[in-house]
Amino acid sequence: MASPGVRVLLLLVLVSSAHGDASGINRTRGNRTLTPEEEEDSQQHHNNTKAFPVLSFNFEHVRKPFEISLWILLALLMKLGFHLIPRVSHIVPESCLLIVVGLLVGGVIKALDSDASDTNSSVPVLNTKLFFLYLLPPIILDAGYFLPIRHFTENLGTILMFAVVGTLWNAFFIGGMMYGVCQIEAAQLGDVDLLSCLLFGSIISAVDPVAVLAVFEEIHINELLYILVFGESLLNDAVTVVLYHLFEEFSHAGTVTITDAFLGVICFFVVSLGGVMIGLIYGIVGAFTSRFTLHSRVIEPLFVFLYSYMAYLSAEVFHLSGIMSLIACGVAMRPYVEANISHKSYTTIKYFMKMWSSVSETLIFIFLGVSTVAGPHVWNWTFVIFTVILCLVSRVLGVVGLTFIINKFRIVKLTKKDQFIVAYGGLRGAIAFSLGFLLTDTHMKTMFLTAIITVIFFTVFVQGMTIRPLVELLAVKKKKETKRSINEEIHTQFLDHLLTGIEDVCGHYGHHHWKDKLNRFNKTYVKKCLISGERSTEPQLISFYNKMELRQAMMLVESGSLAVLPSLTSMQNIQPRDTVKQRVIPSISKRREEEIRKMLRSNLQKTRQRLRSYSRHDLMMDPFEEDLSEVKFRKQRVEMGRRVRLTETHLNVHNSLSFKGINPQSNKNTQNKIKIYRKKLKNRQHNTQNDTKKSYTKKNAFTSNTQNDNKDTK
Amino acid sequence: MGSRASTLLREEEIEEIKKETGFSHSQITRLYSRFTSLDKGENGTLSREDFQRIPELAINPLGDRIINAFFPEGEDQVNFRGFMRTLAHFRPIEDNEKNKNPPTSEPLNSRTNKLLFAFRLYDLDRDDKISRDELLQVLRMMVGVNISDEQLGSIADRTIQEADTNGDNSISFSEFIKVLEKVDVEQKMSIRFLH
Numbered sequence: 001m002a003s004p005g006v007r008v009l010l011l012l013v014l015v016s017s018a019h020g021d022a023s024g025i026n027r028t029r030g031n032r033t034l035t036p037e038e039e040e041d042s043q044q045h046h047n048n049t050k051a052f053p054v055l056s057f058n059f060e061h062v063r064k065p066f067e068i069s070l071w072i073l074l075a076l077l078m079k080l081g082f083h084l085i086p087r088v089s090h091i092v093p094e095s096c097l098l099i100v101v102g103l104l105v106g107g108v109i110k111a112l113d114s115d116a117s118d119t120n121s122s123v124p125v126l127n128t129k130l131f132f133l134y135l136l137p138p139i140i141l142d143a144g145y146f147l148p149i150r151h152f153t154e155n156l157g158t159i160l161m162f163a164v165v166g167t168l169w170n171a172f173f174i175g176g177m178m179y180g181v182c183q184i185e186a187a188q189l190g191d192v193d194l195l196s197c198l199l200f201g202s203i204i205s206a207v208d209p210v211a212v213l214a215v216f217e218e219i220h221i222n223e224l225l226y227i228l229v230f231g232e233s234l235l236n237d238a239v240t241v242v243l244y245h246l247f248e249e250f251s252h253a254g255t256v257t258i259t260d261a262f263l264g265v266i267c268f269f270v271v272s273l274g275g276v277m278i279g280l281i282y283g284i285v286g287a288f289t290s291r292f293t294l295h296s297r298v299i300e301p302l303f304v305f306l307y308s309y310m311a312y313l314s315a316e317v318f319h320l321s322g323i324m325s326l327i328a329c330g331v332a333m334r335p336y337v338e339a340n341i342s343h344k345s346y347t348t349i350k351y352f353m354k355m356w357s358s359v360s361e362t363l364i365f366i367f368l369g370v371s372t373v374a375g376p377h378v379w380n381w382t383f384v385i386f387t388v389i390l391c392l393v394s395r396v397l398g399v400v401g402l403t404f405i406i407n408k409f410r411i412v413k414l415t416k417k418d419q420f421i422v423a424y425g426g427l428r429g430a431i432a433f434s435l436g437f438l439l440t441d442t443h444m445k446t447m448f449l450t451a452i453i454t455v456i457f458f459t460v461f462v463q464g465m466t467i468r469p470l471v472e473l474l475a476v477k478k479k480k481e482t483k484r485s486i487n488e489e490i491h492t493q494f495l496d497h498l499l500t501g502i503e504d505v506c507g508h509y510g511h512h513h514w515k516d517k518l519n520r521f522n523k524t525y526v527k528k529c530l531i532s533g534e535r536s537t538e539p540q541l542i543s544f545y546n547k548m549e550l551r552q553a554m555m556l557v558e559s560g561s562l563a564v565l566p567s568l569t570s571m572q573n574i575q576p577r578d579t580v581k582q583r584v585i586p587s588i589s590k591r592r593e594e595e596i597r598k599m600l601r602s603n604l605q606k607t608r609q610r611l612r613s614y615s616r617h618d619l620m621m622d623p624f625e626e627d628l629s630e631v632k633f634r635k636q637r638v639e640m641g642r643r644v645r646l647t648e649t650h651l652n653v654h655n656s657l658s659f660k661g662i663n664p665q666s667n668k669n670t671q672n673k674i675k676i677y678r679k680k681l682k683n684r685q686h687n688t689q690n691d692t693k694k695s696y697t698k699k700n701a702f703t704s705n706t707q708n709d710n711k712d713t714k
Numbered sequence: 001m002g003s004r005a006s007t008l009l010r011e012e013e014i015e016e017i018k019k020e021t022g023f024s025h026s027q028i029t030r031l032y033s034r035f036t037s038l039d040k041g042e043n044g045t046l047s048r049e050d051f052q053r054i055p056e057l058a059i060n061p062l063g064d065r066i067i068n069a070f071f072p073e074g075e076d077q078v079n080f081r082g083f084m085r086t087l088a089h090f091r092p093i094e095d096n097e098k099n100k101n102p103p104t105s106e107p108l109n110s111r112t113n114k115l116l117f118a119f120r121l122y123d124l125d126r127d128d129k130i131s132r133d134e135l136l137q138v139l140r141m142m143v144g145v146n147i148s149d150e151q152l153g154s155i156a157d158r159t160i161q162e163a164d165t166n167g168d169n170s171i172s173f174s175e176f177i178k179v180l181e182k183v184d185v186e187q188k189m190s191i192r193f194l195h
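Going line by line, the protein sequences match chains A and B.
Everything in the first sequence is counted per the UniProt record's numbering, starting at 1 for the first residue and increasing by one.
Everything in the second sequence is counted per the UniProt record's numbering, starting at 1 for the first residue and increasing by one.
Just to be clear, a hint being listed does not mean it is correct.
[As the list claims (entries may be wrong)] With beta-carbon atoms standing in for the labels, derived distance ranges:
#	chain 1	residue 1	chain 2	residue 2	range
1	A	G81	B	R111	15 to 25 Å
2	A	H220	B	G74	19 to 29 Å
3	B	R111	A	N127	49 to 59 Å
4	B	S33	A	I405	40 to 50 Å
5	B	E181	A	Y134	25 to 35 Å
6	B	Q151	A	N522	17 to 27 Å
7	A	W514	B	I177	47 to 57 Å
[To be verified] Some residues of chain B that are not near chain A, with every Cβ distance over 12 Å (derived):
#	residue
8	E13
9	I14
10	K19
11	E42
12	E73
13	S110
14	T112
15	K129
16	D184
[Claimed, not checked] Take a look, some chain A residues computed to stay more than 12 Å from chain B by CB distance:
#	residue
17	L80
18	M161
19	V181
20	F262
21	G560
The hints are simulated quantities; they were obtained by calculation from the structure and are not laboratory data.
Using N, Cα and C, we set each Cβ at its ideal position, and we do this for glycine too.
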């Protein structure tokens with residue numbers, strides 16, 4: 001029958017509506033597929049019922065989508081609700097509140113369920129397939145696509161050390177110590193063997209990206225610490241996958257040989273590198289596809305999402321690390337796709353990713369709460385308490401020990417404060433739970449699950465809630481909020497070149513050398529293949545500058561200050577500063593000014609009168625974009641008008657000067673400048689498919705006028 | 001090669017360089033062998049041609065300026081001392097140096113001196129200001145030939161507009177430092193010389 005989730009809804013509906021309706025609903029519920037014969041039969045039996053059911057109730061065929069939508073809606077309403085209670089949301093991180101909501105919902109469902117006859121719980125649980133195939137990918141894709149690459153590559157060595165060595169240390173330490181604990185007679189855990197303990201250790205040792213993201217998002221610490229913890233949580237997926245499968249195989253087989261251990265090591269490299277390879281391949285193919293999407297802008301975002309998802313699924317087929325594949329795909333695809341797609345598609349991708357990852361995260365935490373209430377639990381005090389303590393201890397030991405080794409190789413050392421935050425930020429989350437869920441059904445599974453849930457709750461609640469005041473207390477550096485200025489971009493590139501040069505002088509093949517080689521390779525070969533049009537040869541500085549100007553223009557439009565144009569420095573380009581004062585009163589005749597204005601206006605306005613054929617799949621020019629181009633055109637118009645006026649001024653100045661015998665050559669220069677500006681104007685209208693003949697004749701008329709005037713002033 | 005290098009470099013010299021620049025003994029010896037391998041003329045000094053023989057410097061947009069930075073004012077030869085003095089700017093800043101009381105003269109690899117080195121690469125005429133033309137020259141070197149003068153000019157103007165606080169239409173050293181306060185110069189301008 002209907003699932004408990006729907007029964008909750010039904011309960012609410014029924015309670016509020018009249019009782020009379022209830023009986024009607026009950027009667028017509030059921031199968032819809034009556035043949036006409038049967039219908040006639042039923043008609044004969046029930047003479048008082050209507051011949052044709054005007055309103056009927058059939059829930060079964062929309063059940064699944066209905067439930068899913070209901071859950072998502074619940075999750076989002078909860079998210080909305082938190083921000084209406086400001087005090088609570090400041091102290092408690094969102095993830096904790098969501099888990100509490102999950103607990104409540106789970107409790108309600110279980111209470112409704114307990115009076116039903118079916119013994120197996122029909123509470124929706126965070127089952128592994130749902131989690132790994134639907135809920136996890138959006139979050140990882142969002143994280144990987146917007147990964148701050150510069151910081152990531154600069155700290156890659158450190159991150160890898162933490163991810164690989166740290167996780168291995170955690171797994172073996174916890175597994176080993178738990179085995180020792182299980183040997184204690186009083187705990188009644190004698191049947192837990194070493195391999196099971198190691199399996200448990202490998203499940204619980206991995207830092208969880210979802211939990212880390214959820215908590216760190218709200219505390220805004222500096223990029224270095226963020227990328228260390230977050231990068232570690234992403235890259236340790238490979239280790240977790242390998243260890244998990246390894247120990248699971250071993251615990252079935254029973255014995256471990258040296259060959260098996262060796263194969264395990266090889267498996268690790270295959271899993272991680274294979275995952276990255278698959279991601280890179282999909283990423284490059286995706287970038288290549290985006291090169292051709294010029295005429296179908298509407299579907300551009302879908303390519304990004306689908307290629308990434310396919311990368312994830314393909315990696316999962318071979319039991320390779322899906323997370324690393326997804327990250328590699330996003331990272332590889334991003335620079336080329338962003339150069340190819342339209343600005344709207346970029347915004348779409350950004351917002352859709354954020355939206356999906358937000359929904360996923362919310363659902364994960366709610367389901368975690370629900371599953372806690374639902375699942376069978378075996379609570380063993382010793383096991384659980386020791387697990388929690390050992391997790392903390394091993395994390396601290398691991399971080400401190402590794403930092404000691406790592407600091408010998410780092411330029412900027414990690415301080416004690418940094419180490420503390422890294423250790424404290426090692427949160428466990430839903431991945432551990434799902435992996436535990438995958439275990440085969442044994443007595444130990446429920447005990448393990450209980451322990452895992454306890455650790456997750458402890459880390460998310462205790463560590464999640466206290467990390468913010470601790471960050472304040474320790475005065476950890478926060479994230480710098482401002483965007484990069486053009487100065488920083490120029491000087492950073494300058495320093496890159498400088499350092500590469502110095503490294504070459506020293507004969508030292510360091511970080512900068514390889515980065516420079518990669519950039520060069522990228523520029524000469526890869527960009528040409530994957531980026532369409534002339535943007536393939538655009539230097540990074542220019543695209544950065546263009547983006548900045550676009551952003552500024554959009555900010556202007558949004559703030560509504562169109563009347564006050566900024567002092568765009570490009571408009572002051574043509575003359576040195578000291579002639580600014582001379583500019584105040586231009587000395588061209590009114591007639592010519594009118595001519596210039598008329599010419600500019602007519603040429604520029606034509607672009608909007610082009611008729612468009614209607615098609616549902618075309619992106620219509622919406623008012624916002626029209627305003628934007630209006631701003632651009634107005635800027636251009638003013639710029640052009642000013643330039644022409646100024647060159648006229650120059651012309652007159654030079655004319656008067658030449659009258660006094662100064663070099664008349666400069667006259668030609670300014671006339672050439674006028675020609676150049678008009679040519680530029682003409683070129684800009686080429687794109688809007690204007691009638692060039694008209695502008696030609698107008699130009700000719702104009703120059704002849706100018707020449708006439710020159711003769712006059714002379 | 002190695003034995004010849006150590007006989008040519010006396011212990012006292014190594015000590016002096018160590019005191020001046022802060023490099024360790026092994027780092028100095030390694031860099032000395034690099035110095036001698038570059039010194040094709042074997043006269044104990046490097047000329048500009050020796051530097052230009054390094055292939056990667058030829059394709060570096062700032063290659064010429066970097067080479068010039070090694071040579072002191074007006075000279076054409078640089079000895080090992082001068083070589084090390086320039087390279088000392090790129091030594092990583094160590095923690096114990098930060099804690100120690102600052103010595104009478106600032107060490108060569110302090111943040112200010114690193115930035116001063118970079119500033120001097122922009123400011124060729126040594127007037128302690130990066131003018132618009134100097135900035136344009138650097139931009140042109142970094143960006144290549146395909147970009148129009150006008151676009152570069154607007155970038156240069158925008159850059160100066162952002163950084164200039166005293167309105168003299170050029171970037172002074174203090175403005176330069178201020179603009180780069182968010183950039184992690186200690187990490188960006190350091191080379192990990194392996195011991």
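Non-conforming hints, listed in increasing numerical order: 1, 2, 4, 5, 7 and 16
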